[in-house]
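Enquirer: Once you've looked at the hints, dock chain B against the given chain A.
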Amino acid sequence: MTLPDRIGGVVLLTLGVAVVIASLGLPAIPGQPVGPAIFPSVLGVALGLSGLIIFVKPERQPAQETQQLEALSVIGTLRLLSPVAVLILGYLIMESLGFLVTGFLIVLVISLLLRGSVVGSLLLSAVMTVVIYTIFASLLRVPLPAGILSLPW
Amino acid sequence: MENIILSLQTVATLEVMMVIVLSSAYGMLVGCIPGLSATMATALLVPITFYLSPVAAIASIISASAMAIFSGDIPGTLLRIPGTPASAAYMEEANAFTRRGEPETALGTGLWFSALGGIFGTVILVLVAPLLASIALQFSSYEYFWLGCLGLLCATLVSNGPPIKAFAALMFGLLVSTVGMNNAAGVPRFTFGSYELYSGIDVVSALVGVFAVAEVMRAMTAPDTPAASRRRFGSILGKQWALTLRYKKQMLRGNLVGVMIGALPGAGADMAAWVAYATSKRFSRTPEKFGTGHSEGLVEASSANNSALAGGWVPSLLFGIPGDTITAIAIGVLYMKGLNPGPTLFTENAASLYSLYWVFLIANIIMVPLGLLMIRSTTYVLSVPRWTIMSTVLLCSAVGAYAVSNSLFSIVVVAAFGAIGYALDKYGYSVAAFVLGLVMGPMVEQNLVTSLIKSGGDVTPFFTRPTSAVLACLTIAALLAPSLLRLLRKHRRVAV
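From first to last, the protein sequence lines stand for chains A and B.
With this note's numbering as the guide, the letters of the first sequence map in order to residues 1 to 153.
With this note's numbering as the guide, the letters of the second sequence map in order to residues 154 to 649.
Any given hint might turn out to be false.
[Said to hold, decoys possible] What the simulated footprint calls covered on chain A by chain B, stretch by stretch (three residues with Cβ under 8 Å from a Cβ of chain B suffice, anywhere in the stretch; the number is not a length):
#1 25 to 34
#2 41 to 55
#3 87 to 100
#4 115 to 125
#5 137 to 147
What the hints contain is simulated information worked out from the structure, not anything from laboratory work.
It should be emphasised that the depicted structure is a prediction, and the values quoted were computed from it without experimental measurement.
Yeah, the Cβ is synthetic: ideal placement off N, Cα and C, and Gly gets one too.
Pulled out of the complex, with its shape left as it was, chain A reads as follows (with noise of 0.2 Å):
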């Protein structure tokens, strides 16, 4: 199976022409030979370049893997962005509802998800989320979100 490696060209040739399309664009230095323009071409080029070697002489993947990247179903997929998901919906919500909040229901959900039991995930994420806090905040002076709930130290 080489279809991944025919995506990955596609893909790396579509933005080393892009990178370099952009960086035709960015502004001299008065006065200067170079600029800012330069190194982003040069790279542009370059991954362009690799993207198209890549696209027409894509390695076949051992049996192995291909079975593998088969076996990916949908649940699957889901499961594996779902660290991803958890962090960005944590962004979102971090500010408004604070660490102590956003650290217990991260931890917790991918506890679960690996397949933690309830009560024991729940444990965890309440424990976890006073020593990472105790440590960051208290003793580092990290000034995390407070949100609607904190700790007396």
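Expert: Structure of chain B alone, referenced to chain A:
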């Protein structure tokens, strides 16, 4: 001499000592847990180093990574699952000892030769670095540009996958580093109108994403690891002295291979272990015993992976070119702490540099007692269920990135780079090359633009300055090497 005393004073403080012990314990734990690598241990440590003194910050990275590389041997030996990729090379061999009922011998070998390898690597670092520094002092932006390119291309040559994919990953990493206003003209590049991207993509957040979040993603689809059976170990270090005497040649060869591979940009402890194990088998008088619980290869590979760690610091400290993914992260910390890598570090900041040597020595010495403790308590660590670890790792990634940048947007960066890191690894694009590009991009670009401005847009000085010319030839050779090799092979096949 004065520096030696001064540096001892900076190291022998309560803060640094506590940091060394705590990060060592942390490294031991992380290394022992399958799925958590030494690089990831380092990435998650960076937010904490932000709040430490410069020497303590580097000390924490040195000790945590050294311990993690050793302790990766433990699950490899007991469960046939490498704790870190650096232990994968000789996992079968070490596990054969367990099947024979002598896991303590294999674990002891891992511990003893890791500590010795680390010390050997440190000695080489101490001896070689000043020599190279005196050469590097004569370099100007032209030479640094080529050196940067050469380092980056090395990373594509030594990667596991196809070179063209590593090259693409490298270019992509460099490209990511150009985002923001951090360029000669101070204009926003590739920010897509987002103000958050004006200051560029925070390297620490990106690295945490690539190494930690991607690992949580992998855990989502991988089956659970089996629990280790509880066992009591016999004497762990008992046989090691005899082994040292019997295999001293293998040990030294492993150390040397380790340091050299460690110093190559992009190749780190895992590559060193593979090469050393293969070398050992190749030159052994009894290659047929390999894989059946034979100490020889184990000695050589264990010696190599820890000395590679110190080797990785040579180009990092001298040129700001990371020798492996761990030092790629460490370079960021060096800049953050005002210990900018480069030959001037050896003249202006000699005392800080000497304290790093001390930390290396101390870390590799306390590795032995801590390692013994770790081995004896392994069964407890390995019975911690994976869901507790991975969910905690994800929260630490988010908080860590926020702590460094003080911006909630960095959580999005962490998430995005988690997905990017996962995809790169999954489809065979070298993650190490990508990370190297990301870290070195600003240095390469700055040297390129400065050089061109100095010469008025003329490219000839890149090739006419003597050192520059040599480096240019090497770079072009490195660029063409894969294609030339392929041509040569094809030619030979036709001839046959």
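Enquirer: What are the numbers of the hints the structure violates, in ascending order?
Expert: Hint check: nothing fails, all pass.
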